[in-house]
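Sequences are here, hints too, so could you generate the full structure?
In case it helps, the UniProt record's numbering puts the sequence shown at residues 1 to 79.
Calculated directly from the structure, the hints in this document are not laboratory data.
All C-beta atoms in this analysis are idealised placements derived from N, C-alpha and C, irrespective of residue type, glycine included.
All the pointers check out, no bait thrown in.
Simulated restraints on C-beta separations:
{"#": "1", "residue 1": "Ala30", "residue 2": "Ser64", "range": "26 to 32 Å"}
{"#": "2", "residue 1": "Met68", "residue 2": "Tyr24", "range": "19 to 25 Å"}
{"#": "3", "residue 1": "Lys70", "residue 2": "His40", "range": "16 to 22 Å"}
{"#": "4", "residue 1": "Tyr24", "residue 2": "Ser65", "range": "16 to 22 Å"}
{"#": "5", "residue 1": "Arg60", "residue 2": "Asp29", "range": "20 to 26 Å"}
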Amino acid sequence: MCGLLGSDNIWLRYNYLKIWNLRYVPSCDAYGAYEPLQCHASVAQCWCVDSSGQELPGSRAQPSSRPMCKSRERLLWKH
Numbered sequence: 001m002c003g004l005l006g007s008d009n010i011w012l013r014y015n016y017l018k019i020w021n022l023r024y025v026p027s028c029d030a031y032g033a034y035e036p037l038q039c040h041a042s043v044a045q046c047w048c049v050d051s052s053g054q055e056l057p058g059s060r061a062q063p064s065s066r067p068m069c070k071s072r073e074r075l076l077w078k079h
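Structure representation (structure tokens):
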């Protein structure tokens with residue numbers, strides 16, 4: 001979904017929905033890649049994702065806490 005946010009019209013619509021917490025919209029960086037930490041404010045939960053945006057098993061945190069997600073930079077250095 002991060003790649004789909006390139007169009008201004010789509011970006012504005014999803015940004016509006018995200019502001020009002022009506023649905024989950026993934027967090028993306030300036031290059032269109034998924035941020036390692038994803039959060040959904042309306043359910044007060046955060047979790048870690050891989051480079052394709054898939055939730056990492058066991059990474060979902062309880063409300064009011066955040067998991068420690070590995071950054072893309074650290075993952076790149078491992079390979």
